[in-house]
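Given only the sequences and the hints, what does the whole structure look like? Please build it.
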Amino acid sequence: MQKLKSIFSPRKIIIILLIIVGIMTVPGLNAPAMSETEAIVTLLCMDKQEDKIVMSATVLSPGPDNVANYQVFTGSGDTLSNAVEAVSLSIGKEMGFAQCEVMALGENLCTEGVMQTLDFMTRTKKVGRNAYLVSFAGDINDFSESMSNLNKEKSLSLEKILSFDKRYVLTKNCNIENFYIGYFNDLSLGIMPRLEIKNSESDNAIEVASGGQTSGDQAEAESGQKEKKYFLNDGSLAVFKKGKHVLDVDSEMVKKMNFFVNNSQQGALTIENVNDDLYENANVIVDIVRKKNEIGVRFENDTPIFRNRMEVVVFVEQVLGDQPKENLLKRNNDFLTPTLLEHIKEKIQSDMQDCIDFCKTNSVDLIDAYKHFSKLTSKKFDEYLKTHTKENFLDDITFEFDLHVSNEY
Amino acid sequence: MKFNAVETQKNIETKLHNSSDVKSRTVQFFEKTIVLMYIADITDNVLFNQTIIAPIISYNVEPQGDIVSELESKVLTNHEVVEYSSEQEALDDMLSGKTIVIVDGAEKILGIDVEKITTRPVMEPPTSVVVKGPREGFTESIKYNLALIRKRVRTDDLVVNIMDIGELTKTQVGIVYFDSVADKAIVKDIEKKLKKIQIDGVLDAHYLISYLQRNPKSMFKQIGDVEKPDILVGKMLEGRIGILVDGSPIVLTVPFVLIEDLQNSDDYYSQPIRVGFIRVLRLLGVILAVVLPGVYVALEIYHYKILPTEFLVTIRNTTQGIPFSPFVEVFFLVVLFEILYEANLRMPQYFGMAMSIVGALILGETTVNAGLVSPPAVMIVALSGITFYIIPSQAAQFSLLRLAAVVIGACLGLYGMLIFCVFILSYLSSFDSYKSAYLAPTAPYIESDQQDNFKRDLIKNMKKRPRSIANNRHNDDRRSEDEN
Amino acid sequence: MKINYRQLSILVFMSFIALKCLALPGLLYSESGNMSWLVTLVLMFVDFIFALLIIDLMKKSNAKNILEFMQQCLGPVLPRIFMAVLVVKYALVVANISKGLEFFVVENFYSSLNWIVFVLPLIILVGFMLYKGIRNIARVSEMVCWAVLLGCVYIAVKSIMSVDVLNFLPFFKDGVAPLFKSGYQHMSWFGSSTFLLMLFGKVDFSNEKKMKLVQYSFLAIALVMLIHFVFYGLFDITSPTHSFCISDISQYSSGQSSIDELSWLVVSLWVTAQAVQLALFSYAMIQAIKFTFNIKTNVFPILFVLIYIFAWSFIGEMTVRLEQVFLTQFSSILTIFTAYVIPIILYIGYAVERRKNKKIRGGEKCKS
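Chains as they are written, first to last, in this note's numbering: chain A, 1 to 409; chain B, 1 to 484; chain C, 1 to 368.
Keep in mind the hints are simulated off the structure, nothing from the lab.
Here a beta-carbon is modelled for each residue, glycine too, at the ideal position from N, C-alpha and C.
A few of these clues could be false.
According to the in silico footprint, chain B covers these stretches of chain C (three or more CB under 8 Å from chain B) [unchecked claim]: (1) 2-13; (2) 121-129; (3) 139-149; (4) 263-271.
Lysine-lysine pairs mimicking DSS-like chemistry, simulated, CA-CA at most 25 Å apart [said to hold, decoys possible]: (5) A:Lys12 - C:Lys132; (6) B:Lys184 - B:Lys455; (7) C:Lys209 - B:Lys463; (8) B:Lys221 - B:Lys184; (9) C:Lys181 - A:Lys379; (10) A:Lys52 - A:Lys125; (11) A:Lys379 - C:Lys173; (12) B:Lys132 - B:Lys116; (13) C:Lys173 - A:Lys380; (14) C:Lys158 - A:Lys292; (15) C:Lys2 - C:Lys210; (16) C:Lys356 - B:Lys435; (17) B:Lys217 - A:Lys12; (18) B:Lys455 - C:Lys209; (19) B:Lys435 - C:Lys2; (20) C:Lys64 - C:Lys356; (21) C:Lys64 - B:Lys435; (22) B:Lys184 - C:Lys2.
Okay, structure coming up:
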C-alpha cells in the first residue's frame, strides 16, 4: 500500500499531467493572432438570385492610422454552406462572425422565408443573436458596397444608424433574438427595418457609393461603373409572417405605430390650420418630448376593449406662416393654446386610428394587442378566439384612447 | 583555577593564530601584572583609554581583598563588566568587541564592553519610503536596532532574547516580542527552530527564512520583513514576533499574512477613506501586473471575439506585419524588461539614468518602429512592469508568475488563465504561517479584522487585536474599557 | 481540519447556485412555460429546508463522520448501502457540472477546444483542492462567492430594463400539473443540500451565527430567481434555445456589439465558480467512496474521481449526451432519495435512538 502511495504521489501526478498539457498545448506558443487567421466579418448580406444564395461579407482589414478598412467579398452557392465556402475561398480565410453586427437580407430571400437562413447563421456559424437584422431592397452588391463606403467615407456604420433608429423611428429593437421571439409566438409575426439603395437622390438619402473599390468575383465585375448610389433609411419596416415577408410599412405608418409603444420617441407632429387668438391660419410644428403609454385590456360584455392611455409632453417648436411679432415675446407655455391642444389631440387620435385600420386591413397585429389580451385576459380571450381567427381577431376589438397632452416647461 | 596572565595571553594569541589585529597591553596594578587584550579594529580607543587604562593607572588606594572584585567595583568606570571563569568564554567575548582583563593569579577574567560600533547612520530605507511619518530605518547593528525599538517601547512587557547563530560567525540573533501579547507557543517554536540551526555563518536575516517557514520550497513569501522600527512595533502590538539579526537592516516578523504586503506604514498616518481606495488599487495593481500580459496573449491568440470592434480595429492596425507570434512578442518584452530591471539595479547610480533612457526610449521606440513588436504589447508589458512595484517586496515572485501566466495564456487561453488564478488562490489558501491563515482575514473571513483589511477603520475604533494573527486571546482588547 | 459556520453557509450558497444558471432555465421552460421560475423557487426552498434539517442533525450529533452517525441511528448495514447510493448521486452531479462547464467554456471562449486540453487543467485544479481538503475549498469559495454574486447582479441589473413583465403572464395557464412534471423531470438539478451529509464532524459550530446560513441561502435563492426572472423576461418563448443562461443574458444586454468587457469578466467568474462547485461535489463523492469501501487514505478516492471526470469528458465527446442521462426517471428518483428521503430517515432514526437512550437512562435512574 505504502509503495502504491509513493507511486501515486500527488506531486508526481501533477507533474505528469502538466507535461501532458504542455505537450498538447505547446503549438499555442507559436500560434499567430486569431484575428489574422480569420476574416472578421462585420456585415453580412444575403439574397437569393436565380435559385442561388448570394452572400456578401464586409470584412475588416488593417488600415493606416487606426482607421478601419473594409473590403467586400461576394460569393454564391446552391446552399448556405456553399455560399459561405465560396466567400471564404475568395477571402482566403475562414470567416469569423463574432463581430458581425448586422445581417442584411435581400427581398427575394425575405419573400421565400428567412428562418432557415437565420438558424444556419446563428446555430452553425455562431452569429450573435443580438446582431441587427435588416431587409434591403436592391442589388446585394450595391448594398454591401454602399455599406462599406458609408463606413469608409462618412464614418458611419449601418450599426450606428440602426442603433439611432431604435431610439427614434422604429417600433422595436430589431435584432435576431426579437425576430425569433416574434416568430415563435402565436401570431408568428416579425419585423425588421427596411433599407433601400436607390439610383436617384431622394429627400433623406445619403450618397454612399460611386462604383468604389470592391473585391470578390461579382463585385469586381461592377467596379468600372460610376453611377451614384443613394442609401435610404427612412424608418420603414418589413413585416414577416411565419418567417416570410408579407408587407412593407412606410415610415409615416411606423411613426403612427409608435403611439402604441412605450419606449419609442415620436419626433415632430405638424398641426395644420390652427386659428385662435395666437395663431392665424398657422401650421404649427410640435415636438413630442416625452410620452408614456399604459396599455390596458379588458372584456366588457364579451367585447374586448383595448385601451391606450397616453401622457404626451409637447413643445411648440416652430410656427409656419406670418405671425404677429408679439408672438415672439411669448413664453414657452403660452404657445400651447387650448385650440392647439385640441388639434394635437385630434391629430394623435386620428394617427392611432389610421394605424389600427392599417393593422386590421392587413391582418397584422403590429400594436401587440394579441399579446396583451392573451397575457392579461387569457381565459376570456381564448373564448373570444373560438369565434375569431388569428387573422381577423382585431376586427371586433374596441379601441379606447385616453390622451393627456401637456406642455414642456 | 588561577590564571597566569602571561600564559593566558599567549594561549589566546595562539588560539587566534597570532593575528596581527589582536593587541595586548600589560600594566602593573600595585604588585600584580594585568594583561589587557583586545582586537584593535573593533575597540573604541577613547572608551578603552577612559574607562580602563586611565582608572587602573591612576588608582592609588591599595586593594584590600580580591583584586578582581576591587577592579570591578572600584576601579573600572565602564558600564558593563563581565566575569569569565574560562579562557574560552573570555576569548568568545573578545571577538565581539570586549576588552579582556587578565589579572595574574586571579580566578576570574574580566570582560569590558568597549566595542566600537561601525555602522551607517539611521536613514530612511529605500523600500519603505513614506510621505508622512517616521523616517528612521534599521541599520546593520543589532544594538542600534534594539535601541530604535526600545526608544518606542517603554514597557517591561518587551522581551528581547538574544542568541548566537553560526558556527564561525557567531552572529547575534534577537527575538523580540511583547510578553502579554505574543503567542508563547509560537515564541517557543521559533526559539527551538533557531537553536536547531547549524550553519557556518548568518550574514543576513534572509539566511534564517528557509529555517523558519513552513513551506521552504514555496516561491511565496511566508515570513514578513520590515526595515523600520515603527512598522515592527506596530506588528508586535498585533502579536507578531520580530527576529533581528546583527549585520542586517531587515527584521523578520512572524506570523505573516499576505495582506501585510498590501499595507503600508503610510496607511496608518493618512485618512482611512483614502487608505481603503489605495489598498484596493494596490490589489488591482498586483492582479494587473500578473495577469495582464497573459490575458493579452490569450485574447490575441484565441479570443479576439471578446474585443469590441473599435478596439479590435486598433489592435489589428497596430499588430499587422509583426513577424512574431503574440506569445513570442510578449515573452520577448517581458524578458527584456527583466534584463533591464536587473541591469538597472546593479548598475552604479550615475549610469542608472542613462540606462533608463536606453531601455525605455531607445529600445522601446526602435523595436516598435522596426516592426518587431507592436505598441499594445509594449504598453501592456510596461504597465504590468510598473504595477509590480506597488508591492516591491513581492515583485520577484510576481515576475515569475507573470511569465507563467504568459505561457499559460498562449497555451490554453482565457480558460487556462482562469484555472491558473483559481489554482493560485487555492494554493495560497492551503498554507498557514504560524497558526495564521495566509489569506486571512479574507479567507477565512474574520469579521473583526476587517477593521484593517482592504479598508482601515479610524485608529480609535480599532479596539481589538487582529484574530488573524495568533496572539494571547485573553488580551484581545487593546486598551482598558474606561479608555474606550 | 474543520470549517467554520460562515464557511459552511458559503458552501451552501455555492451549492445552491450550482447548476441553476446555465442550461436549467431553458430546459424547464419547455415543460412548464412561463411558470418555470416557480419550479425553481419551490425546489430551492425545499433544498433550503433540508439543508437546515441536515445541519441541525450535524449540530446535535457527536459523531466523527456521517457513517458513524448513520450507524448510530440505523445499524451497521443500511448506512453502507446509503453511502453507495450517495456515491452515484454525487457522481451524477459531478458529471453534470464538469460537462456543463466544458460546454460553457467551449461555446463562450473558443472556436474549438480539444477535450483533453479542457479536462486536464481542470483535473489538476480539482485534484489539488481535493488533496488540500474541505477547508481549502471553503476558503476559495469565500473569495469567489462575492465576486460571483456581484457579477451576476451586474448582468441581471444591466438587462432588467429590457425585461417584458408580460412574459410571466398568465399565471398557471395550464394548471400546476406541468410544473410538477417538469419539477420531477429536472430533479437532478436540485437536491443541492446532499453534499452537507459529508460534512458531518467537519464543521466547527463554536462561533455559530444562526442567521448566517439563512442569509446565504436566501441570497442564493434571490440570486438564482433574479437571473431566472431576467432570462424569462428577455427570451420568453425562445428560452429553450438558450443553453447558457448567464452568458446569453450578458450577450443580449450588451446591445449590438459582442459581449462587453465587464460581462466577459462575469462570465469568467462563473467559470471559476463552477470549478469550485465541481471541487465541492467531488469532495462529497470522495467521502462517500471512502465510507462505502472503508478506505482510509484520500489518494485513491481522489484518483478515482479525477479519472471519472476525465472519463466523462471523453464519453461526452464520443456519444452520450449528458441531458439524456439527467432526464431519466432514475436520476430523479435518485435525487429524491438522496436529498430528501435519506435526511428524513436519519432524522427519524436519530429521534428514535434518542428516545431509546432516554428510556434506558430513565430506567437506570429508577433502578438506582
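Hints versus structure:
1. Figure legend: the segment 2-13 of chain C, annotated as covered by chain B; annotation consistent (3 residues with Cβ-Cβ distances under 8 Å, at least 3 required).
2. Using a Cβ-Cβ cut-off of 8 Å, 6 residues of the segment 121-129 of chain C lie near chain B, which meets the minimum of three, so the contact claim holds.
3. Against chain B, the segment 139-149 of chain C contributes 5 residues with a C-beta closer than 8 Å to a partner C-beta. That satisfies the three-residue criterion, and the hint holds.
4. Here the segment 263-271 of chain C counts 3 residues with a CB under 8 Å from a CB of chain B, which clears the bar of 3, and the coverage holds.
5. Only pairs whose Cα atoms come within 25 Å are accepted, and Lys12 (chain A) paired with Lys132 (chain C) is accepted, the gap being roughly 16 Å.
6. Only pairs whose Cα atoms come within 25 Å are accepted, and Lys184 (chain B) paired with Lys455 (chain B) is rejected, the gap being roughly 30 Å.
7. With a C-alpha separation of about 22 Å, the suggested pairing of Lys209 (chain C) with Lys463 (chain B) holds against the 25 Å cut-off.
8. The straight-line distance between the Cα atoms of Lys221 (chain B) and Lys184 (chain B) is roughly 23 Å, inside the 25 Å bound, and the hint therefore holds.
9. Distance restraint check for Lys181 (chain C) and Lys379 (chain A): the Cα-Cα separation of roughly 23 Å lies within the 25 Å cut-off, and the hinted pair is therefore satisfied.
10. A threshold of 25 Å between alpha carbons decides the hint, and for Lys52 (chain A) with Lys125 (chain A) the separation of about 19 Å falls inside it, so the pair holds.
11. Note on Lys379 (chain A) and Lys173 (chain C): the hinted pairing holds, with a Cα-Cα distance of about 8 Å set against a maximum of 25 Å.
12. Distance hint between Lys132 (chain B) and Lys116 (chain B) is unfulfilled; the C-alpha atoms sit about 34 Å from each other, more than 25 Å.
13. Distance restraint check for Lys173 (chain C) and Lys380 (chain A): the Cα-Cα separation of roughly 12 Å lies within the 25 Å cut-off, and the hinted pair is therefore satisfied.
14. At roughly 22 Å between alpha-carbon atoms, Lys158 (chain C) and Lys292 (chain A) fall within 25 Å of each other, so this suggested pair holds.
15. A hinted pair counts as satisfied when its Cα atoms are at most 25 Å apart, and Lys2 (chain C) with Lys210 (chain C) qualifies at roughly 18 Å.
16. A hinted pair counts as satisfied when its Cα atoms are at most 25 Å apart, and Lys356 (chain C) with Lys435 (chain B) does not qualify at roughly 43 Å.
17. Taking the CA atoms of Lys217 (chain B) and Lys12 (chain A), the gap is about 16 Å. The hint holds against a cut of 25 Å.
18. Taking the CA atoms of Lys455 (chain B) and Lys209 (chain C), the gap is about 24 Å. The hint holds against a cut of 25 Å.
19. At most 25 Å may separate the alpha-carbon atoms for a hinted pair to count; Lys435 (chain B) and Lys2 (chain C) meet this at roughly 14 Å.
20. Annotation: proposed proximity of Lys64 (chain C) to Lys356 (chain C) holds, straight-line Cα distance about 21 Å (limit 25 Å).
21. Under the criterion of a C-alpha separation no larger than 25 Å, the hint pairing Lys64 (chain C) with Lys435 (chain B) is consistent with the structure, at around 23 Å.
22. Of the supplied pair hints, the one linking Lys184 (chain B) and Lys2 (chain C) holds, its CA atoms being roughly 24 Å apart against a limit of 25 Å.
In summary, the numbered hints that this structure violates are 6, 12, 16.
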